[in-house]
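Each chain is listed here by its residues.
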Amino acid sequence: MITFDFEKPLVEHEKKIAELRAYAKEAHIDVSPELASLERKRDQLCAEIYANLTPYQKVLVARHPNRPYTLDYVRLMCQDFLELHGDRRFADDLAMVGGFATIAGRRIVLIGHQKGRDTKENLKRNFGMAHPEGYRKALRLMELADRCRLPIVTFIDTPGAYPGIGAEERGQAEAIAVNLREMIGLGVPIICIVIGEGGSGGALGIGVGNRVLILEHAYYSVISPEGCAAILFHDSSRNQEAANALKLTAQDLLSFGIVEEIIPEPLGGAHRNHEQAAALVKDAILRHLDQLASLSPDQLREQRYQKYRAVGVFTEAQQLLAHPAPS
Amino acid sequence: MSILSRIRRRRPVIPDGLWMKCQSCEEIIYTKTLYEGNKLCPKCGYHYPLSARERIALLCDEGSFVERDAYLIPLDPLQFPEYLDKQEKSRSKTKEYEAVVTGVGRIEGIATAIGVMDFGYIGGTMGSVVGEKVTRLIEHACTERLPLLVVSASGGVRMQESIIGLMQMAKTSAALYRLRQARVPYISLLTNPTTGGTTASYASLGDVNIAEPKALICFAGPRVIKQTIRQELPEGFQTAEFLLEHGLLDMVVPRPELKATIARLLRYLLNLPVAGPEAAA
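Residue numbers (the working numbering), protein chains in the order written: chain B, 37 to 363; chain R, 49 to 329.
Calculated directly from the structure, the hints in this document are not laboratory data.
It should be emphasised that the depicted structure is a prediction, and the values quoted were computed from it without experimental measurement.
Hints may be right or wrong, so weigh each one.
Straight line, CA to CA, 25 Å or less: simulated BS3-like cross-link-like pairs of lysine-lysine [stated by the list, open to error]:
hint, chain 1, residue 1, chain 2, residue 2
1, R, LYS134, R, LYS80
2, R, LYS143, R, LYS87
3, B, LYS44, B, LYS77
4, R, LYS274, B, LYS156
5, R, LYS274, B, LYS160
6, R, LYS91, R, LYS274
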């Protein structure tokens with residue numbers, strides 16, 4: 037598994053554990069008390085490192101190639117998943133998956149960005165960057181869920197909507213805009229979960245919900261730290277500064293009231309334990325489905341509208357004397 | 049967002065001098081003619097950018113525009129480096145408090161809720177104030193049953209407000225959902241340039257979408273696309289004419305015909321009684 041520079045103490049510690057194990061096996065001696073103590077120390081170290089990640093380190097964790105993706109969660113937390121395909125207009129975008137699923141005996145429609153685990157799969161999944169047909173497929177499935185009165189759960193995990201010629205020709209902006217408008221009007225509960233990368237409009241395109249939740253080490257931002265650094269500092273290597281400035285961590289988003297809840301990740305990040313990550317996500321989904329179950333379609337629409345209506349930080353004066361008046 | 053710097057570089061600069069070189073056809077033109085002619089190059093018809101106030105003067109019946117929410121002032125929720133400084137500079141440059149001016153005016157006598165973005169204010173980017181003013185305008189149009197016209201000129205979501213800026217896309221689109229439910233018509237006019245999150249929210253959601261000739265309209269900027277796909281972009285890519293050809297716009301309308309065209313559209317959208325010679329025919 038890929039490890040990060042900031043995990044170096046952890047990696048060295050794990051090496052020590054492995055060495056001790058190998059030695060014990062060879063020498064046929066019992067080292068279990070020593071091993072237990074070393075493992076305790078490793079867990080402590082891991083917890084410490086992950087509790088103190090910088091914003092940019094979180095971005096790296098959110099992009100970890102072993103991180104669970106949408107279909108991993110589906111496999112680990114749902115039964116009877118029936119994938120549905122196509123936008124009925126142009127193509128089936130494999131960077132966006134969706135279909136019927138059952139979670140703890142409840143029927144839902146689940147939609148999410150899908151990244152690939154290796155190069156071959158990434159070519160198919162376009163690194164989780166959807167084209168307009170992906171957003172149109174997502175909306176088709178959401179409207180279907182609305183007609184069937186099934187709650188919608190979306191999994192957000194994309195560097196962004198794909199910036200390409202075909203995407204522009206087929207109206208990437210229009211596809212996302214229409215989703216933003218139409219998601220407001222759906223009469224079923226919508227729960228959106230940022231499981232990895234929340235890349236700007238491409239994330240928001242399936243991200244308008246009654247609840248927006250985010251995993252502990254996921255991020256959500258208007259632009260990638262690299263892109264921000266290139267524009268702002270004319271230097272894409274100053275991505276750590278940019279990540280700090282963008283306030284893109286789960287913890288920042290909670291403080292702004294953009295997300296309702298942070299879903300904790302397993303020790304050392306979701307990529308270290310898919311099963312546990314899925315259990316934690318499942319638990320959050322069920323809790324929020326319960327909370328929303330009593331709301332009528334109109335109440336759901338109203339709650340969702342007011343949630344977005346309230347976002348914005350500004351001040352309003354009766355008049356301003358200290359500034360030049362508009363001409 | 050990321051194309052902002054590119055747009056800035058391409059942004060026409062109109063010098064104070066008597067004569068200038070047209071940045072499109074490179075002909076020498078008399079600056080005064082440019083200003084008297086809606087900022088069109090008299091030689092090639094290139095559309096120079098209009099400020100929000102110039103645009104309002106172009107589209108509204110004289111003296112009919114009444115501004116709303118004029119004193120919404122941006123803050124700095126993220127304490128983003130140099131943001132307050134940028135606000136101050138844009139304020140003194142444009143004499144505007146933010147990147148959109150909203151209000152109600154008359155277009156050939158038809159009362160219309162109008163929002164006009166000003167590219168001069170931090171690249172016409174959408175932060176909390178733009179999102180709030182546009183949303184309030186849509187809500188006003190909805191309550192008063194006034195047709196809505198939004199003129200966009202924008203570098204997308206304002207990076208300095210990151211996620212809070214991004215959410216303005218959802219907020220404005222949510223208000224447009226209600227406007228649509230109420231069957232109040234909306235015309236979106238896209239001008240050079242309209243990009244990023246603005247294109248991916250209200251600018252694309254008009255019942256009728258129109259644009260000025262040669263305007264750059266896109267989701268991702270040309271530079272970002274070029275970097276991603278590593279190949280040359282087709283001729284005229286992401287211009288208004290390109291979008292028209294690809295079914296994303298209803299029409300491309302030169303500036304001198306804009307007001308009359310919008311008025312004609314409004315009369316259909318509002319199903320106003322046919323008057324004058326047309327009624328007799």
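Comparing the hints with the structure gives:
no.: 1; hint: LYS134(R) x LYS80(R); in the structure: violated (30 Å)
no.: 2; hint: LYS143(R) x LYS87(R); in the structure: holds (19 Å)
no.: 3; hint: LYS44(B) x LYS77(B); in the structure: holds (14 Å)
no.: 4; hint: LYS274(R) x LYS156(B); in the structure: holds (23 Å)
no.: 5; hint: LYS274(R) x LYS160(B); in the structure: holds (21 Å)
no.: 6; hint: LYS91(R) x LYS274(R); in the structure: violated (32 Å)
Violated hints, in rising order: 1 and 6; the structure is consistent with all others.
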